[in-house]
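Residue numbers (UniProt numbering), protein chains in the order written: chain A, 1 to 593; chain B, 1 to 593.
Watch out, some of these pointers could steer you wrong.
Identical copies go unnamed one by one, so any copy, or any two together, can satisfy a pair.
DSSO-like, lysine-lysine: derived pairs with alpha carbons at most 30 angstroms apart [as the list claims (entries may be wrong)]:
| id | residue 1 | residue 2 |
| --- | --- | --- |
| 1 | K153 | K501 |
| 2 | K223 | K545 |
| 3 | K301 | K429 |
| 4 | K141 | K501 |
Note that these hints are calculated values from the structure, not bench results. Keep in mind it's a predicted model, so treat the numbers as computed, not measured.
There are 2 protein chains.
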Amino acid sequence: MFSCWLSRLCRGLSTPTGRVTHLIQGSLSRRLMLSSQRRIPELSSFVARTNTCGELRSSHLGQEVTLCGWIQYRRQNIFLVLRDFHGLVQVVIPQDESAASVKKILCEAPMESVVQVSGTVISRPPGQENPKMPTGEIEIKVKSAQLLNTCKKLPFEIKDFVKKTEALRLQYRYLDLRSFQMQYNLRLRSRMVMKMREYLCNLHGFVDIETPTLFKRTPGGAKEFVIPSREPGKFYCLPQSPQQFKQLLMVGGLDRYFQVARCYRDEGSRPDRQPEFTQIVDISDVFRNTKVGFLQDALSKPQGTVKAICISEGTKYLKRKDIESLRKLAADHFNQEVLPVFPKANRNWNSPVAKSIMEEQRSELIRLMEIQEDGVVLLTAGEHRKACSVLGKLRLECADLLEARGLVLRDPALFSFLWVVDFPLFLPKEENPGELESAHHPFTAPHPSDIHLLHTEPKQVRSQHYDLVLNGNEIGGGSIRIHDAELQRYILATLLKEDVKLLSHLLQALDFGAPPHGGIALGLDRLICLVTGAPSIRDVIAFPKSFRGHDLMSNAPDSLPPEELKPYHIQVSWPADSEAEKSSLNQPYHPES
Amino acid sequence: MFSCWLSRLCRGLSTPTGRVTHLIQGSLSRRLMLSSQRRIPELSSFVARTNTCGELRSSHLGQEVTLCGWIQYRRQNIFLVLRDFHGLVQVVIPQDESAASVKKILCEAPMESVVQVSGTVISRPPGQENPKMPTGEIEIKVKSAQLLNTCKKLPFEIKDFVKKTEALRLQYRYLDLRSFQMQYNLRLRSRMVMKMREYLCNLHGFVDIETPTLFKRTPGGAKEFVIPSREPGKFYCLPQSPQQFKQLLMVGGLDRYFQVARCYRDEGSRPDRQPEFTQIVDISDVFRNTKVGFLQDALSKPQGTVKAICISEGTKYLKRKDIESLRKLAADHFNQEVLPVFPKANRNWNSPVAKSIMEEQRSELIRLMEIQEDGVVLLTAGEHRKACSVLGKLRLECADLLEARGLVLRDPALFSFLWVVDFPLFLPKEENPGELESAHHPFTAPHPSDIHLLHTEPKQVRSQHYDLVLNGNEIGGGSIRIHDAELQRYILATLLKEDVKLLSHLLQALDFGAPPHGGIALGLDRLICLVTGAPSIRDVIAFPKSFRGHDLMSNAPDSLPPEELKPYHIQVSWPADSEAEKSSLNQPYHPES
C-alpha cells in the first residue's frame with residue numbers, strides 16, 4: 001500500500017520523461033502545480049506584481065500588468081526578456097522620445113539586474129510567435145519601468161547551457177539557485193513533501209512532532225557531532241536519527257507520529273547511487289564436482305558458494321574486450337575471479353579455465369538459469385556476501401554497457417519499487433567473527449517465527465527489518481521494534497555485550513507499557529534525486545556541503561578565537577605537524593640563517 | 001491580511017474557551033480534526049485495530065470491533081476502561097467459565113498495560129449510560145483478549161488530576177505524553193502547522209526549503225552553539241536563525257520561501273510571557289512646572305518623560321496595600337518611583353509627594369487621560385524606555401490583581417492581534433552611548449522616508465521592522481531587508497563599525513541582483529502556547545529541555561571520554577576548582593597523612 005502510494009506520487013509529480021534535461025522554460029512550475037493539486041495557488045498575493053512572468057498567455061491580451069524579474073537578455077535595445085521563478089516573458093522597450101527615461105533604464109541595466117515594469121499584454125506580430133516559449137504568443141508593451149537593483153559582473157551566466165564546475169556552483173550557490181533546474185528540483189521537493197504531509201495528516205490522522213536536535217551520545221554513535229555545553233566536560237550530540245525519540249513517542253501514546261527530520265552523520269558524503277541488493281541465482285550444486293580450481297576452493301569453505309548472473313542478448317551487444325574489462329574490474333576491485341560461460345559450446349571462451357567446465361555442467365546451468373542462445377553467463381565463486389557484491393556491481397556495469405550500445409533496459413520514466421525483507425538480525429563482527437553485532441541496530445525485533453532460535457542459534461534469526469528500493473536504489477528502511485524490555489535487555493547485554501546503562505531511559509520506557517510499534521524512514525534527498533533525475537543529492541538541497549563537509553559559500557567550518565571557546569571549557573589540541581607549522585610561522589624571519 | 005488569517009486559524013483550532021482545563025475526555029481529537037478540515041482522517045488504517053477507543057457511539061451498535069489501548073482502570077473485575085490517543089471506552093470482562101482465559105488476562109494485567117480486545121459494541125443497560133463520556137452510551141462485550149505488554153509500577157499515575165512536579169514530568173516525559181493535555185497540545189500543534197503549510201503552499205504557492213543547521217559563526221553570534229569539526233581548530237555553528245539563508249534564497253530567486261525552522265540559542269530559558277510593549281500616555285507637558293522632585297529631575301534630562309497609566313475601577317477593587325505593593329515592585333525591580341493619583345481630591349494618597357501635585361495638574365491629567373471617578377492613575381517619570389517598561393509591568397500586575405478580585409478583563413477566548421511598527425533602526429550602545437548598535441539586526445532596511453537622515457541623524461531613522469503581538473505577547477517579528485549592497489556596507493562599516501569581511505558572502509550576494517525582499521518569523525512555541533492556554537512552552541514541545549538546558553530524561557548534556565574528543569582536536573579545559581577536585585581524586589589514599 002505504502003509503495004503503491006509512493007509510486008503514484010512519484011509519477012504524479014515528476015515530468016513525463018523522469019529525467020529533466022531539456023526543460024521548456026516557464027512551464028515547469030505550472031505543470032508542477034497542476035499535477036499535484038486542483039486549485040492553482042495565487043502567486044502574486046502580498047507583492048507588487050500583478051502577475052508572474054511565466055503565466056501570461058493570449059488570454060491575458062489587453063490586460064495592464066506589473067511584472068518584476070531579472071533581465072535574462074536584451075536584443076538590439078528593442079527587446080528584453082524578463083525572468084522570474086515562474087518563467088520568461090518578452091518586453092518591448094519603447095522607442096519614442098516621450099519614453100526616453102524608460103528606455104534608458106531598460107537599456108542600461110546590466111544583465112541579471114532586477115526591474116519592475118508596468119504595461120499592456122499585446123500579441124506578438126504575426127510570424128514572430130515563439131512556440132517553444134509558453135509565453136511566446138504575447139509580449140509586454142511597457143509604459144513605466146523601475147530599476148530595483150543593479151547587478152555587478154557575475155562569476156558565471158545564469159543560463160543552463162553554460163557549464164560551470166560544481167565548486168563554483170557551490171561557492172555562488174545563490175546564483176546557481178536561479179537556474180531552471182535548481183528551481184525545478186527544490187520546488188518539486190517542496191510539493192512532494194507537502195503531498196506526503198497531506199497523505200499522512202489529512203488522510204490518515206498522523207501527528208507531526210519535532211524531536212530535539214541537542215541530545216545525548218548514543219552507544220556506538222561514533223559518527224555523531226558533539227556540542228560542548230557551558231558545563232565543563234559536558235557535551236550534547238546531534239542525533240544520527242530520531243530513532244530513540246520515535247520509540248519514546250510510541251511509549252507516550254503519540255500514535256501515528258511522523259516527522260520530516262534532519263539526521264546528522266559525521267562522515268564523508270557517499271556517492272548516492274549504490275548497488276544495494278541484487279537477485280542472483282545460486283548454482284553451487286551444479287559445480288559440486290567441478291575441476292575448476294577457484295570453484296573447488298570456494299565450495300570447500302563453509303560460506304562458499306558459486307553464483308552467476310545472465311546477460312540476455314549479451315553475445316549480440318558485448319564484445320570480447322567488454323567481457324575482459326568486466327573480469328578485470330572484478331579482479332581489481334573485489335579480488336574475485338569471474339568466468340564467462342556461453343550457451344553454445346562453439347562460442348565458448350577461449351581460456352583454459354572456461355574449457356574445463358564440463359558439457360553437462362553447462363547444460364545444467366542453461367536449464368537452471370533459463371538462458372537464451374544469445375545470453376552470456378557471468379559466474380563467480382567465493383564467500384557469499386563477496387560473490388553477491390561483485391555480481392551486483394557487474395550487473396550494473398553490463399546494463400551501462402548495453403545501454404551505451406543502444407539497448408533500452410531501464411525506462412527512466414518507470415518507478416519500480418521493491419521491498420527487501422528477511423534480513424539477518426545479527427552478523428558476525430568483522431574484527432572478531434566469534435562475536436555478534438546488529439545487522440541494523442539493536443532495537444530491531446526478531447522475526448516472530450525465529451524467536452526460539454535467539455537462545456540457541458542467534459545467527460539464524462531473521463529480523464523484522466525491511467528496506468524499500470526504488471529503481472535499484474535504497475530509498476528507505478525501517479523495522480518493527482522490540483517492545484518487550486526483557487527481550488531488549490537480553491539482546492543488548494547477553495548477545496551484543498553492550499553497556500545497558502547508557503540506554504536505561506529507553507529500557508525503563510519499555511517497562512512502562514510500551515505498545516508494539518514499528519516504522520519506516522525514507523531518505524528524502526535520494527528519493528527526490530531519483531524522481532527529478534538529478535545526478536547528485538547536492539542538486540536537490542538548497543545549501544549543500546561539499547564532499548568534504550565544507551560550505552564553499554560561507555567558508556564553514558571556520559576558525560574561532562580561543563576566547564569564544566572559553567565559555568564551553570574546551571581548547572584546541574593542535575596536531576604535532578600543524579603545531580610545528582604554527583611555531584615556524586611565529587619564528588622571526590632570518591634570511592641569513 | 002496575515003493577522004486576520006492567523007486569527008481565524010487560532011479561533012478555528014482552539015477550544016471554545018481558549019483555555020483547556022477541563023477536557024471532556026475522548027472528544028478532543030475528534031473536535032480538533034473536525035474543526036480543521038472536512039474529511040475525517042482514517043485513524044485505523046495500517047494497524048491491527050478496527051476502531052479507536054474514542055470513536056465508538058450508538059451508531060456502532062452490533063459491530064464487531066478490535067481495539068488496542070492502555071488499561072486506564074478496572075472496577076470489581078467486571079469493567080475495564082481502555083484508553084488510546086482518541087479517548088476512553090468501557091469494556092465488559094466476561095464472567096462465564098468458558099472465557100476464563102480472557103478474564104484472567106484482563107483482571108491480572110497491571111494498570112497501563114497494553115491490551116488488544118475483540119468483541120461486539122453493545123448498549124449499556126438503561127440507567128448506566130455516562131453522559132460525561134463521549135462513548136458513554138456503549139460498552140464492548142469482549143470475546144478475545146491479548147496482553148501486548150505489561151506495565152511495571154509507574155512513578156506517577158496517568159491521570160490528569162494527579163499532581164506531579166515538572167522535574168518528574170520531564171524525567172518521565174514519555175509517560176507525561178500520555179496525558180490528555182499533552183496529547184491535545186501536541187496534536188493541535190501538528191494540525192495548526194499543517195493549516196499554515198496548506199495556506200502557504202496550496203493557496204499562495206510558497207516553497208518549503210530546508211536550510212542548513214551546520215553553519216558558520218555570524219558576527220555578534222555570541223549565543224551560537226559551536227560544533228568542532230575533524231579539521232583542527234575549525235568549528236561549525238548552529239545558527240540562531242536561518243536569517244542569512246532566507247536572504248540568500250531571495251537572491252537565488254526562490255521567491256515565496258518559507259520554513260518551519262529550528263533556531264538555536266545558547267541562553268537560559270526565558271519566561272515565555274513578558275511585557276513586550278505597552279500603550280501609554282505621555283503626560284510630560286502637564287508637569288513641566290512641577291514641584292515634585294523626581295518629576296523635575298526626569299524632565300530636566302534629554303530622554304526624560306512623565307508617563308502614566310489609568311486603572312479603571314481601581315478605587316473599587318484595589319486596596320491601599322495593593323497600591324503599596326505595586327510601588328514596591330517598581331522600586332525594587334526597576335528602581336523607579338511610582339505615584340498614584342486619584343481623580344477625587346478627597347481620596348488623594350496620603351503622602352507628602354502626592355499632595356504636592358497641584359489641583360490644576362490633577363484636572364489636566366484627568367482630562368487628558370479621560371479618567372472616570374473610580375479610576376486610579378499610576379504615574380512615573382524617568383528615561384523613556386525605563387518608564388515604559390515599569391508601567392507595562394504594572395499594567396499586567398494590576399490586571400492580575402483585578403482578575404483575582406473577580407473582574408473579567410481579558411477574555412481568554414479572544415485573540416487580539418496587534419502590529420507594532422516604526423521601531424528605531426539604531427539604539428545607542430548601552431556600554432558606550434556615543435556608538436550605535438542595531439535595534440534588531442544590521443540587515444533591517446531603514447524606513448524609506450528616513451533614508452536622508454542616515455548620514456545626518458542616524459538615531460532618528462525608523463526601521464522597516466514589524467512585530468506581531470497576540471494578547472499582549474510578542475509572537476513574531478520581521479522586516480523588510482536591505483537589498484542594496486552599498487547601503488548595507490555603509491550601515492555595517494561606517495555606522496556600526498562591524499568587520500564586513502565576515503559577511504563578504506552576503507554583501508557579494510546583494511551585489512548580484514538581489515531583489516527587494518522581506519519576511520516574518522513566528523515563534524511557534526509561544527503561539528501554540530497562547531492558543532492552547534498552556535502555562536509554559538514546555539507544555540507544547542514533545543521533549544523540552546529544562547530551564548538550565550538539561551534533558552532530564554536522557555541526562556543530556558553528558559560527559560564524554562577524552563578519546564571521543566580526539567577526532568575533533570579538542571580537549572576539556574577544566575576550571576581551577578574542578579581541576580583541584582579531580583587531582584584529589586587521583587591522589588593515593590593515605591589515611592595516616
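Hints, verified against the model:
1. For the identical chains of this complex, K153 and K501 are inter-copy neighbours only, at 20 angstroms across copies versus 60 angstroms inside a copy, given an alpha-carbon limit of 30 angstroms.
2. In this homomeric assembly, K223 and K545 come within 30 angstroms of each other (Cα to Cα) both inside a single copy, at 17 angstroms, and across copies, at 23 angstroms.
3. In this assembly of identical chains, K301 and K429 lie within 30 angstroms of each other by CA distance solely inside one copy; the values are 18 angstroms within and 77 angstroms between copies.
4. Proximity of K141 and K501 under a CA criterion of 30 angstroms is satisfied in neither setting, with 74 angstroms inside one chain copy and 43 angstroms between copies.
Checked against the numbered hints above, the structure breaks only hint 4 and satisfies the rest.
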